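Engineer: Sequence:
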Amino acid sequence: MLEAMPTEREWASCRERLERVSESSLDCESIRREAIAELQRVIGFDRWCWPLADPETLLPASGLAEHDFGPAVPRSLELEYSADDFAAKRALARRATSAGSLSAETGGDLARSPRWDEVMRPVGIGDVAAVACRDALGCWGWIEAYRDAADRPFEERDLDFLGSIGPSLGSALRRTMYARHGDVPEPSPPGVMVLDSALSLVSWTAGARAWIDALPSAKLFARFGMLPSVVYPAATLARTRRSAAGAHALLRAVDGRWVMIEAAPLEGEGDGEIAVTLRSATANETFNLLCRAYALSQREREVVAALVAGLDTRAVTQRLFISRHTVQDHLKSVFDKIGIHSRRELLATYSASATEVRASSDSTAALLLSCLPPG
Numbered sequence: 001m002l003e004a005m006p007t008e009r010e011w012a013s014c015r016e017r018l019e020r021v022s023e024s025s026l027d028c029e030s031i032r033r034e035a036i037a038e039l040q041r042v043i044g045f046d047r048w049c050w051p052l053a054d055p056e057t058l059l060p061a062s063g064l065a066e067h068d069f070g071p072a073v074p075r076s077l078e079l080e081y082s083a084d085d086f087a088a089k090r091a092l093a094r095r096a097t098s099a100g101s102l103s104a105e106t107g108g109d110l111a112r113s114p115r116w117d118e119v120m121r122p123v124g125i126g127d128v129a130a131v132a133c134r135d136a137l138g139c140w141g142w143i144e145a146y147r148d149a150a151d152r153p154f155e156e157r158d159l160d161f162l163g164s165i166g167p168s169l170g171s172a173l174r175r176t177m178y179a180r181h182g183d184v185p186e187p188s189p190p191g192v193m194v195l196d197s198a199l200s201l202v203s204w205t206a207g208a209r210a211w212i213d214a215l216p217s218a219k220l221f222a223r224f225g226m227l228p229s230v231v232y233p234a235a236t237l238a239r240t241r242r243s244a245a246g247a248h249a250l251l252r253a254v255d256g257r258w259v260m261i262e263a264a265p266l267e268g269e270g271d272g273e274i275a276v277t278l279r280s281a282t283a284n285e286t287f288n289l290l291c292r293a294y295a296l297s298q299r300e301r302e303v304v305a306a307l308v309a310g311l312d313t314r315a316v317t318q319r320l321f322i323s324r325h326t327v328q329d330h331l332k333s334v335f336d337k338i339g340i341h342s343r344r345e346l347l348a349t350y351s352a353s354a355t356e357v358r359a360s361s362d363s364t365a366a367l368l369l370s371c372l373p374p375g
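With the numbering used here, letter number 337 in the sequence shown gets 337, and the count goes up by one each step, no holes.
Just so you know, the hints here were simulated from the structure itself, not pulled from any lab data.
Each hint should be verified, as a subset may be incorrect.
[Stated by the list, open to error] Just the calculated beta-carbon pair ranges, DEER-fashion: (1) A37 <-> Q328: 40 to 46 Å; (2) R17 <-> H325: 15 to 21 Å; (3) Q318 <-> Q298: 40 to 46 Å; (4) R324 <-> G268: 55 to 61 Å; (5) T205 <-> A83: 28 to 34 Å; (6) T106 <-> D329: 49 to 55 Å.
Small disclaimer: the values here were computed from a predicted structure and weren't measured.
Here a beta-carbon is modelled for each residue, glycine too, at the ideal position from N, C-alpha and C.
With the hints as constraints, model all of the structure from the sequences given.
Structural biologist: Structure below.
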């Protein structure tokens, strides 16, 4: 593949296929695997990684990968989120050009990247290309492609192509990454882990272990002897006051529960220790993220907030000063965007547990109603 450059026709065909995949009804994992197969045929690479993102804090959540530095992923993330900005995830998510490569950004001296020098060089990786999968509503993940040390570096045309398909793939992730059907279990008690200065696990509570076991890729993490990948960049950012505000991420467990992971430095005798808390996300945290993911307008958010808080159609019309017909029009648009067909499904989508679907608490109602304008 690397011996022959793709023709214009091959580039165009690949772009068309990726657009079809992005607009398909495939689930999030299938979209990523189909897209990777297409990119491998045209751009040329064997090893890769595709983590999803918390669009607010730009921390990596669960991901798919085919590479051979799994046990060193914690160190790679620590290096990247502490100082290594060469083709780094957060940098690509924020800057005008969403794709980059280590070769281009280090001037061909890959050893200037600490994570390449320490983690990727030992397993024979050469150049790394990455693209932020982002659309107008945020960054929802990243593709990292790894070429072997003996292969030529990624070229400008490769990066231009990755940048051009990033928005459509970002929209596909946004539409599918939080999809979950069926009842959701009761929220679990919070848990706490303590990490030392090397980000190794010192102690933990039973609640923390229960949350970890429910997160995506839990068995893979356990096989590598590591914690969920999001823990390492969160803990790295928590070390500095400048970055501590972003040391958290909102994830969805495999059983549909929402978990907020937060890291903060401990004070006292344990030098450099970090406390990582795993807790049920609040109604406001999940509400804002889902509205963003489903691209709801401000008025649609207000209607949904009122319904989830327990208001009926009549009360919504009085609260928002709109007609019943307008309420129904907004709901039809919301249903289409989410891919549901009833108010019951809407409540299930926006509730953290099956219990909240059946009976919203007063505190949840008050919190969601705070999203509405005064009336």
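Engineer: With 40 to 46 Å as the target window, see if A37 and Q328 comply at their CB atoms.
Structural biologist: 42 Å, holds
Engineer: If you check the beta carbons of T106 and D329, does the distance land in 49 to 55 Å?
Structural biologist: 53 Å, holds
Engineer: At the C-beta level, are R17 and H325 separated by a distance inside 15 to 21 Å?
Structural biologist: 42 Å, violated
Engineer: Kindly confirm whether 55 to 61 Å is satisfied by the beta carbon distance between R324 and G268.
Structural biologist: Since the Cβ atoms of R324 and G268 sit about 59 Å apart, the hinted range of 55 to 61 Å holds.
Engineer: Between the beta carbons of T205 and A83, is the distance compatible with 28 to 34 Å?
Structural biologist: 31 Å, holds
Engineer: Take the C-beta atom of Q318 and the C-beta atom of Q298, compute their distance, and say whether it sits inside 40 to 46 Å.
Structural biologist: 19 Å, violated
The structure fails hints 2 and 3 (numbered hints given earlier, in ascending order).
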